[in-house]
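Protein chains: 2
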Amino acid sequence: MKTAQATAEAAIRAQVDSWLHAVLAMDIEGIVSHYASDIIAFDAVSQLQFKGVEVYRKHWQACLAMCRPGTMIFEMHEVHVTAGDDVAFASALIRCGGTGENGEEKAGWMRMTAGYHKLHGTWMVVHEHFSAPFDMETLQVLDVQP
Amino acid sequence: MKTAQATAEAAIRAQVDSWLHAVLAMDIEGIVSHYASDIIAFDAVSQLQFKGVEVYRKHWQACLAMCRPGTMIFEMHEVHVTAGDDVAFASALIRCGGTGENGEEKAGWMRMTAGYHKLHGTWMVVHEHFSAPFDMETLQVLDVQP
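From first to last, the protein sequence lines stand for chains A and B. Residue 0 is where the first sequence starts when you use numbering that gives the first Met the number 0, and the numbers rise one by one after that. Residue 0 is where the second sequence starts when you use numbering that gives the first Met the number 0, and the numbers rise one by one after that.
Just so you know, not all the hints are guaranteed correct.
[Claimed, not checked] Restricting the straight-line Cα-Cα distance to at most 16 Å, the calculated cross-link-like pairs of lysine to aspartate or glutamate (EDC-like) are:
# : chain 1 : residue 1 : chain 2 : residue 2
1 : A       : K105      : B       : E136
2 : A       : K117      : B       : D85
3 : B       : K50       : A       : E74
Simulated from the structure, these hints should not be mistaken for lab results.
The shape of chain A in the complex, shown without the other chains (with noise of 0.2 Å):
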C-alpha cells in the first residue's frame, strides 16, 4: 500500500516536473500535453475559467507571446503531492515574473494547484488552478512573499 502511494507520488512528480521543463522552454505543444481534452483552468488572469484543451491552449499562447525567452522566472517552491491509485493533485507555490529592459527582475508569488487523473494509464491534469491571494479593501492583488 505504502509502496504503490510512494510509486504514484514519484510519477506525480516527474508529470510537475516535465511540465514546469516545457513552460520554461516556453513549448505550447509540450504543455499541452499534459493536459486532458476536457480540462477545467481556472488561471490566474483574464477570465473565471477554461473549458477544454484548446481553449486553454490559446490562453496559454496570448500568455507566453508577452513573455521573452531567457527572461521568464517561473520557480517551483514546496511542492505537496497527494497522489492515489488513479487520482492525485499537487500544490506548489510559484515565484512567477520576468527581467525587463533595463535587467531589472519584476516577480510576484502565485499559487498553483493541478488535478491529475489516470486515463489509459497516464497521468493527465483535468483541473488546474492558478491564483495570487488580493487585498479585500483595495481588491488589488497582493504583493506577499512565503
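Once you've looked at the hints, dock chain B against the given chain A.
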C-alpha cells in the same frame, strides 16, 4: 470499478455539501471539522498560504466576523468531482458576497478547488484553494461572470 468510483464521487459530493451547509450557517466548528490538521490552504485574500488547521481556523473566524447572518451570499455552481479510492478533488464556481445596509446585493464570482484524502476511513480536506482572477495590467480583481 465504475461502482467504486461512483461511490467515492457520491461521498465527496456529500462532504462538499456538508461543508457548504456549515459555511452558510457560519458554523466555524462545522467548517473546520472537514479539514485535516496539516491542511495547506490557499485562500483568495490576505496571505499566500495558511498552513495547518489552527492557522486556517483563525483566518476563517476573521472572515466570518465580517459577515452578518442572513446577509451572506455563498452559492456553489458547476461542481466537478474526480474521485479515486482514497484521493479525490473537487472544483466549483462560487458566487460570493452579501447584502448591504440598503438591501443592495454585492457579489462576485470566485473559483474553488478542494483536495481530499481518506484518512482512517474518513474523507478530509488536506488542500483548499480559493481565488478570483485578476487583470494583468491593473492587477485588480476582475468582476467576471461564468
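Results for each hint:
1. Between A/K105 and B/E136 the alpha-carbon distance is near 14 Å, which keeps this suggested pair within the 16 Å criterion.
2. For a cut-off of 16 Å, the pair hint linking A/K117 to B/D85 stands: about 14 Å separates their Cα positions.
3. The suggested pairing of B/K50 with A/E74 is violated, with an alpha-carbon distance near 20 Å, which exceeds 16 Å.
Of the numbered hints stated above, the single one contradicted by the structure is hint 3.
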